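Chemist: Each chain, letter by letter, is given below.
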Amino acid sequence: MTPLLSIENLSVVIHRSDPGDSGRQIAALSNVSLDVNAGEVVGLVGESGGGKSMVARSIVGLLPPGSRATGRVLFAARPGAGEQVDVLTMDRAALAGHRGRGAALCFQNPRGALSPTRTAGRQLTDRLTTHQGMALGRAREAARELFEQVGIRDPGRRLDAYPHELSGGMAQRVMISLATGCAPGLLIADEPTTGLDVTLAREILRQLRHAADTDRRGVLLISHDLASVAEVCDRVVVLYAGAVVETGPAGRVLRTPAHPYTRTLVASVPQVDGHPVVATPGGMPLLARAPTACPFAPRCGHADDTCRTQHPATTEWGAGWQVACYHPQAENLAGNLAGSPATQAGGARTATQAGPAGPRPPAGPAAPVPAAVPRTVLSVEDAHVVYRSRFGGGGHHALRGVSLQVAAGETVGVVGESGCGKSTLARLVLGLVRPAAGRVTLAGHDLSRIRGRRLRRLRIRAQLVFQDPIGSLSPRRTAADAIAEPLRAQGVPAAERAGRVAAALARMGLDESILPRRPHELSGGQAQRVGIARALVGGPDLVVFDEPTSALDVTVQAQILQVVAELTGDESRGRVFISHDLATVRGFCDRVVVLYLGRVVEEGPVAEVFSNPRHPYTRALLSSVPSLGAGFAGPRLELVRDLEEADAATGCPLAARCPLVTDRCRAEPQELVGYGASRAACWRVPEMPELLRGGGAGA
Amino acid sequence: MAAPGPGAGGGRRFATGLIVSGSVVLALAVLAAALAPLLSQWGPTEIDPAGTLAPPGGDHLLGTDVNGMDVWSRVLHAARVDLGIVVAAVALAVLFGSALGLVAGYLGGWLDDLLMRLLDIFQAFPMFIMALVVAALLGGGTINLVIVIALVNAPAYARLVRAEARSVRELPFVEASVTSGSGTLAVLWRHVLPNSLTPVRVIAPLNCGWAMLTLAGLSFLGLGVPVPTAEWGAMISLGASDVVAGRWWTSVPPGLFLLASVLGFSLLGEGLQERAATGGPASSGVGR
Chain A
0 MTPLLSIENL SVVIHRSDPG DSGRQIAALS NVSLDVNAGE VVGLVGESGG GKSMVARSIV
60 GLLPPGSRAT GRVLFAARPG AGEQVDVLTM DRAALAGHRG RGAALCFQNP RGALSPTRTA
120 GRQLTDRLTT HQGMALGRAR EAARELFEQV GIRDPGRRLD AYPHELSGGM AQRVMISLAT
180 GCAPGLLIAD EPTTGLDVTL AREILRQLRH AADTDRRGVL LISHDLASVA EVCDRVVVLY
240 AGAVVETGPA GRVLRTPAHP YTRTLVASVP QVDGHPVVAT PGGMPLLARA PTACPFAPRC
300 GHADDTCRTQ HPATTEWGAG WQVACYHPQA ENLAGNLAGS PATQAGGART ATQAGPAGPR
360 PPAGPAAPVP AAVPRTVLSV EDAHVVYRSR FGGGGHHALR GVSLQVAAGE TVGVVGESGC
420 GKSTLARLVL GLVRPAAGRV TLAGHDLSRI RGRRLRRLRI RAQLVFQDPI GSLSPRRTAA
480 DAIAEPLRAQ GVPAAERAGR VAAALARMGL DESILPRRPH ELSGGQAQRV GIARALVGGP
540 DLVVFDEPTS ALDVTVQAQI LQVVAELTGD ESRGRVFISH DLATVRGFCD RVVVLYLGRV
600 VEEGPVAEVF SNPRHPYTRA LLSSVPSLGA GFAGPRLELV RDLEEADAAT GCPLAARCPL
660 VTDRCRAEPQ ELVGYGASRA ACWRVPEMPE LLRGGGAGA
Chain B
0 MAAPGPGAGG GRRFATGLIV SGSVVLALAV LAAALAPLLS QWGPTEIDPA GTLAPPGGDH
60 LLGTDVNGMD VWSRVLHAAR VDLGIVVAAV ALAVLFGSAL GLVAGYLGGW LDDLLMRLLD
120 IFQAFPMFIM ALVVAALLGG GTINLVIVIA LVNAPAYARL VRAEARSVRE LPFVEASVTS
180 GSGTLAVLWR HVLPNSLTPV RVIAPLNCGW AMLTLAGLSF LGLGVPVPTA EWGAMISLGA
240 SDVVAGRWWT SVPPGLFLLA SVLGFSLLGE GLQERAATGG PASSGVGR
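These protein sequences, in sequence, are chains A and B.
Residues 0 to 698 (numbering that gives the first Met the number 0) are what the first sequence spells out, left to right.
Residues 0 to 287 (numbering that gives the first Met the number 0) are what the second sequence spells out, left to right.
Careful, some of the hints might be misleading.
Chain A side only, calculated, beta carbon under 10 Å to chain B, not exhaustive [as the list claims (entries may be wrong)]:
#, residue
1, 118
2, 121
3, 385
4, 435
5, 459
To list a few chain A residues with every Cβ distance to chain B over 12 Å, as calculated [stated by the list, open to error]:
#, residue
6, 110
7, 114
8, 131
9, 309
10, 483
11, 539
Hint data in this document are derived by calculation from the structure and do not stem from the laboratory.
Computed from a prediction, not measured in an experiment: that's the story for all the values here.
We put the CB at the ideal spot given by N, CA and C, even for glycine.
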């Protein structure tokens with residue numbers, strides 16, 4: 000059968016015409032070939048700059064101006080009929096038809112891709128009336144059905160909602176309904192789950208799988224999330240520096256990769272089962288012309304002179320499995336990680352220091368709050384935070400009674416979906432917001448009571464590492480300036496500052512040559528190291544990491560996680576590590592706190608909470624995390640609906656979504672109940688093991 | 000990052016063209032101002048007893064005006080007065096307006112409300128009425144003219160910088176500075192101010208053009224510089240009646256100089272605006 004889409008030897012070169020760098024060109028894609036069949040989900044993975052989006056753009060004929068494409072992008076307008084058209088040679092009119100009905104694109108940022116001044120329903124009916132020639136009334140009915148199909152609660156009402164009234168997940172669902180609305184043969188999803196919570200991401204991916212299975216569409220899923228690709232896709236194509244390095248059956252390629260780059264990628268992904276992360280130094284090159292050698296050779300532990308002088312041809316590695324490498328690796332990845340050259344290249348650094356069975360002493364059996372023997376650096380007691388709206392009463396209740404203790408030398412993970420109050424907790428601890436009720440004690444001082452100069456002094460005791468590494472540095476200040484800022488604020492003399500900045504920089508493994516650079520001249524990984532250096536330079540008692548890796552590429556993420564893991568050996572300060580990604584927390588935290596709608600729903604030692612959580616929410620989160628390894632081992636749970644703010648009003652906040660809900664849950668607010676060394680806010684904690692063993696679990 | 004296409008590259012070249020041509024025109028005006036005594040043998044207020052309203056040619060390159068003063072010399076010397084007043088006034092407006100906007104935008108709250116309502120009241124008065132009031136209160140004179148023009152233009156900068164500061168203060172690097180223990184003044188000076196001035200850099204040259212027209216307008220109404228001083232607006236005003244009698248040389252030359260200078264400022268401003276719109280981070284490094 001003719002494939003729905005077959006890309007043959009596609010190369011794209013982009014010419015830049017800026018006066019500054021005239022004649023500069025980038026080889027965005029080099030000899031890329033791939034097929035997508037009807038009813039198949041093909042994953043396209045690789046780090047940013049690898050050319051993933053360029054492939055998507057060439058399929059819909061949306062290449063950036065100044066680019067030249069060679070090769071063929073053959074598309075079967077009517078699958079089965081056997082005739083194929085080359086998208087690259089289509090004229091304007093043909094392209095317009097192709098984009099709506101042939102191939103549809105689902106963007107990464109759904110809110111940005113939806114027009115803010117038109118209702119969601121209107122944007123969908125517009126497409127239906129244009130491409131399908133439907134009358135408005137019928138289009139509206141069809142739109143309602145499409146909304147329902149993608150799992151939008153109350154579709155009739157959402158038709159008239161403007162994009163800003165939709166949550167991120169809802170907007171992504173609308174986006175999918177827009178893309179599938181005109182029944183395209185091929186659906187291209189460009190990072191559709193980036194920025195979404197695990198529970199939602201799972202649901203969106205299920206929608207895509209559904210489109211392939213029931214509607215026989217071809218789906219090209221572009222993602223950097225390897226675990227999701229391994230679970231959802233039939234086949235996977237791995238891109239590096241614009242060239243295909245490995246392609247084959249998704250599950251097998253991503254679990255036992257043969258190409259060293261794919262192995263690097265897979266080894267960089269943190270796993271919920273506590274599998275250690277291995278970082279590979281270096282970054283992806285931007286090529287000016289099609290590579291004449293293996294583009295990965297400079298970072299590869301297996302590279303020899305052949306790799307550095309000749310470009311490897313694609314060779315058959317297994318059934319439908321091809322690798323472009325002179326030295327494909329056959330051994331099992333997990334078993335070989337410790338001795339892999341990547342680790343050696345990282346110098347004396349070890350992989351994450353504390354796995355699940357790490358050398359840490361287990362917390363005392365009946366001590367959910369750690370004893371004061373190691374000094375307590377942070378104590379939050381029953382804190383409430385309300386963001387008041389400027390006009391009139393009301394406001395957003397971001398934290399509803401959170402208690403948290405952090406001792407020196409300890410790393411506490413804080414996890415939860417977005418909107419659960421994680422970042423508010425960080426802001427509270429740093430004295431950026433004041434609690435409406437409750438107390439925050441930092442290094443022995445009550446943060447909520449002092450003001451002015453004393454507050455500023457105290458703020459230096461707690462430092463924050465930001466989510467957006469580049470954005471957290473002032474565009475007009477150099478890296479040296481940024482790192483020195485806490486010292487300047489403390490009144491450290493200029494002569495002493497330089498030395499301490501250099502020391503902090505060296506600790507991050509950065510070269511002094513980056514000191515005079517401004518943020519836009521730094522890579523994401525470098526900028527985040529500068530951010531961590533700034534946080535450490537003043538010798539704080541507490542460092543708060545607010546999703547420090549979520550804006551970074553996988554291999555860079557692994558590098559930063561390794562830096563953070565090294566810091567966990569420091570007994571003089573406490574650390575709080577905030578993340579929506581449970582797997583990143585698993586590696587090096589001692590304790591974990593799970594937040595849901597501004598409340599602590601479960602807390603305890605990482606090993607206990609992650610292996611056998613008693614709260615349905617934690618269990619559901621863990622169950623949703625896609626994994627390349629064994630994944631979450633225990634009985635799984637699934638939440639039934641998307642998160643809604645209003646759920647927090649009465650009773651257990653999870654009641655509306657919990658598969659184990661009873662009338663008592665709806666009526667009573669929940670208190671933390673102890674089990675082992677942990678606590679969970681669910682009255683059914685004692686009976687949880689039995690409940691899960693019984694038929695109650697909706698797995 | 001979205002790749003700028005060929006349009007963007009063309010846009011940058013266009014922007015550079017605008018900036019260069021504007022700068023050349025302004026450089027000529029500055030040169031004329033600087034070399035005025037060398038370029039003409041007459042003083043700007045020197046009266047030639049030999050004749051009033053002499054046509055161009057002979058002793059007087061551009062003739063004389065109704066008072067018997069040399070038009071060429073006056074036009075050149077007026078460049079000093081006009082450029083000086085305008086640049087001083089806009090600089091003052093930027094300084095005052097930015098400071099006000101920075102404080103209001105960063106601190107917010109009741110102070111912001113108060114300052115902005117005061118600006119509303121201030122801006123409710125027509126400009127020329129205000130000039131009259133200031134002139135009546137402080138008296139005429141060049142310094143007061145600078146103050147009037149600065150006052151008229153400052154609110155625009157206050158609003159511009161306030162809007163920028165309000166968005167900049169939400170950016171992570173400002174929060175990073177606060178959590179580093181820096182005081183409010185340090186945060187404002189080191190982080191918020193430099194990152195809030197981008198639109199000011201674009202607007203200020205354009206504003207110089209408008210300010211020049213304002214100055215000419217005030218002078219035309221007799222609210223400008225004291226009488227014998229050479230100033231383009233005043234010269235146009237004085238020579239306006241001569242045009243009817245066919246004596247174009249008393250008003251057209253100052254008009255052309257005024258036109259050229261305003262054009263120079265406009266080209267420069269438009270060029271900077273264009274560059275800001277098309278350029279990436281490279282252009283944000285222009286000036287400090």
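Chemist: A separate judgement is required for each hint: does it hold in the structure or not?
Modeler: The hints, checked one at a time:
Interface restraint check: residue 118 (chain A) against chain B, minimum CB-CB distance 27 Å, threshold 10 Å, status violated. Interface hint at residue 121 (chain A): violated, since its Cβ lies 27 Å from the closest Cβ of chain B, which is beyond the 10 Å cut-off. Because the beta carbon of residue 385 (chain A) sits about 17 Å from the nearest beta carbon in chain B, more than 10 Å, this interface hint is broken. Annotation: interface hint on residue 435 (chain A) violated; nearest CB of chain B at approximately 18 Å, more than 10 Å.
Of the supplied interface hints, the one on residue 459 (chain A) holds, with its beta-carbon coming within about 4 Å of a beta-carbon of chain B, less than 10 Å. Every CB of chain B lies more than 12 Å from the CB of residue 110 (chain A), the least distance being 17 Å, so the non-interface label holds. Every Cβ of chain B is farther than 12 Å from the Cβ of residue 114 (chain A); the closest lies at roughly 18 Å, confirming the non-interface assignment. Here residue 131 (chain A) stays apart from chain B, with its beta-carbon at least about 31 Å from theirs, past the 12 Å limit.
Non-interface status of residue 309 (chain A) relative to chain B is upheld: no Cβ of that chain comes within 12 Å, the nearest being about 30 Å off. With a closest Cβ-Cβ approach of about 9 Å to chain B, residue 483 (chain A) is found to fall inside the 12 Å limit, against its non-interface label. For residue 539 (chain A), the shortest C-beta to C-beta distance to chain B comes to about 10 Å, within the 12 Å cut-off, and the non-interface label is violated.
Checked against the numbered hints given earlier, this structure breaks hints 1, 2, 3, 4, 10, 11; the rest are met.
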